Amino acid sequence: MCFGSKLKGEDPSSRLNDNYDQLNSRPVASDSQKNSWNQTAKMPQNNEYAPPAGPPPSHQNQQVYTPPSGPPPNHNEHQYAPPPGPPPSQEYPPPPGPPPAQEPYHDWQTAVPDTSLLPPPPSLGNQRSSTNNATEQQAEQGEGWCQQNPLTAPAHLPQGAIDAIDKGEIGVIKPRDYKGDLDRPRPGVWAGKTKANSPDSCITSAIPLYSVVAHSPLTTGFSRTIYYEVRINNNNRREVSLALGYNAPPYPTFRLPGWHRGSLAVHGDDGSKFINDRWGGKDFTQPFKAGDTIGLGMTFTARDMNAPPSYGPAQTTVSVPINVDIFFTRNGRKDGGWNLHEEGDAEEDLPVFGLEGLNDLYAAVGTFENVEFEIVFNPGEWMYHP
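In the working numbering, each residue carries its 1-based index in the sequence shown increased by 274.
FYI, nobody ran anything at the bench for these hints, they're computed from the structure. Small disclaimer: the values here were computed from a predicted structure and weren't measured. All C-beta atoms in this analysis are idealised placements derived from N, C-alpha and C, irrespective of residue type, glycine included. You may find that some hints are simply not true.
In silico DSS-like pairs for lysine-lysine, Cα to Cα no more than 25 Å straight-line [said to hold, decoys possible]:
(1) K448 / K469
(2) K469 / K453
(3) K448 / K467
(4) K563 / K453
(5) K467 / K563
(6) K608 / K448
(7) K563 / K608
Label-pair ranges, simulated between beta-carbon atoms [unchecked claim]:
(8) E410 / Q433: 22 to 28 Å
(9) G610 / Q376: 47 to 53 Å
(10) K563 / I436: 32 to 38 Å
(11) A429 / D455: 28 to 34 Å
(12) D557 / D440: 20 to 26 Å
(13) G606 / A413: 33 to 39 Å
(14) W553 / R460: 36 to 42 Å
(15) N605 / Q422: 25 to 31 Å
(16) W419 / K448: 15 to 21 Å
(17) N580 / D381: 20 to 26 Å
Go ahead and model the full structure; you've got the sequences and the hints to work with.
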């Protein structure tokens with residue numbers, strides 16, 4: 275905001291007109307002062323500058339320097355030459371005697387083997403199944419039954435039984451606790467349908483699929499493979515309450531296969547494998563589904579006890595006379611397998627005796643609750659042919 279019409283230079287009372295040089299204000303001069311400034315301080319106008327006469331000072335009394343006479347110092351007669359004679363390195367003769375022997379080549383690839391050729395580590399066991407579990411009392415009853423009924427010695431089968439095994443014309447034994455139907459629609463095939471209140475039970479073949487007397491590779495000199503399939507009905511419920519495996523006799527028929535000694539199985543409700551395991555089994559495959567055709571086989575081969583260790587698909591930790599491989603199929607294709615003596619947990623895994631090819635082995639199909647299925651022993655109806 276502005277008060278009045280006069281400027282600061284026109285106001286005689288303004289301190290800007292006094293001699294306050296220390297202030298940062300511009301002084302306002304009077305007319306007489308302006309005239310005196312014009313008379314005493316005039317700038318030259320249109321005056322041209324010319325250089326002084328003569329050369330610049332740097333070119334006066336110029337001195338010229340010339341190089342000294344004679345060759346450069348490094349070309350005179352005092353220059354240095356190499357000493358006469360051969361170099362010192364050629365004056366030393368080689369040491370007496372033959373040269374030292376060359377060290378052998380260290381083949382580190384053999385000393386450090388490729389671990390990618392090793393089999394995968396064993397799967398850890400489960401304490402409980404993620405789907406269904408029997409009671410501890412039932413497990414103790416099964417263990418007590420096995421202690422009272424030890425494994426039997428191999429049986430001598432008649433030739434008719436051996437021929438029936440080869441043809442797949444095998445009967446089954448219906449367990450006492452089984453609730454449902456179990457019929458033979460045609461030779462080598464058994465159809466079953468259980469009720470919802472059917473408890474744990476184990477169907478076994480009437481004759482062994484593996485006979486020690488007739489099939490052992492230690493006596494025949496040839497490997498032996500046993501195999502059968504189970505078809506799950508297309509109308510079966512979502513959970514397949516069925517297991518297929520093998521048992522060494524005798525086995526408690528009120529328990530599923532794989533839960534006690536001398537038995538192995540793959541369970542369909544959770545896809546786990548059980549080898550003398552009454553807990554939760556080990557993770558192995560996907561659960562069974564309605565419409566699946568499941569197969570389980572075992573191959574027995576004589577082992578060369580004098581052969582050195584080598585890398586291969588089956589690595590074992592014990593020395594046994596017979597090598598046993600188990601394979602699993604689904605809908606006509608292999609879907610996994612394991613070696614009976616694969617590396618396991620020494621504290622948690624129980625022995626596998628009874629399954630090592632020194633005892634007869636029977637087919638074992640376990641059921642509980644309601645399930646509809648077919649057991650196929652006839653090789654002509656298998657989807658997979660070992």
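A quick look at each hint next to the structure:
For a cut-off of 25 Å, the pair hint linking K448 to K469 stands: about 14 Å separates their Cα positions. The suggested pairing of K469 with K453 holds, with an alpha-carbon distance near 6 Å, which does not exceed 25 Å. Annotation: proposed proximity of K448 to K467 holds, straight-line Cα distance about 12 Å (limit 25 Å). In summary, the hint linking K563 to K453 is supported, as the alpha carbons are separated by about 22 Å, within the 25 Å threshold.
Pair hint K467 plus K563 holds up; C-alpha atoms about 16 Å apart against a cutoff of 25 Å. Taken as a hint, the K608 and K448 pair is broken in the structure, with Cα atoms around 29 Å apart against an allowance of 25 Å. At most 25 Å may separate the alpha-carbon atoms for a hinted pair to count; K563 and K608 meet this at roughly 16 Å. Between E410 and Q433 the C-beta distance comes to about 46 Å, which lies outside the given range of 22 to 28 Å.
Here the CB-CB span from G610 to Q376 is close to 51 Å, well matched to the stated 47 to 53 Å. About 36 Å separates the C-beta atoms of K563 and I436, a value consistent with the hinted range of 32 to 38 Å. Judged by the Cβ atoms, the range 28 to 34 Å given for A429 and D455 holds: they are separated by roughly 30 Å. Hint check: D557 to D440, Cβ distance near 35 Å, so the stated range 20 to 26 Å is violated.
Between G606 and A413 the beta carbons are some 35 Å apart, a value that agrees with the proposed interval 33 to 39 Å. For W553 paired with R460, a C-beta distance near 39 Å keeps the hint of 36 to 42 Å intact. For N605 and Q422, the hinted distance range of 25 to 31 Å is not satisfied, since their beta carbons lie about 41 Å from each other. At about 18 Å, the CB distance of W419 to K448 agrees with the hint of 15 to 21 Å.
For the hinted restraint 20 to 26 Å between N580 and D381, the CB-CB distance of approximately 25 Å keeps it satisfied.
Hints 6, 8, 12 and 15 from the list above are not met by this structure, while the remaining hints are.
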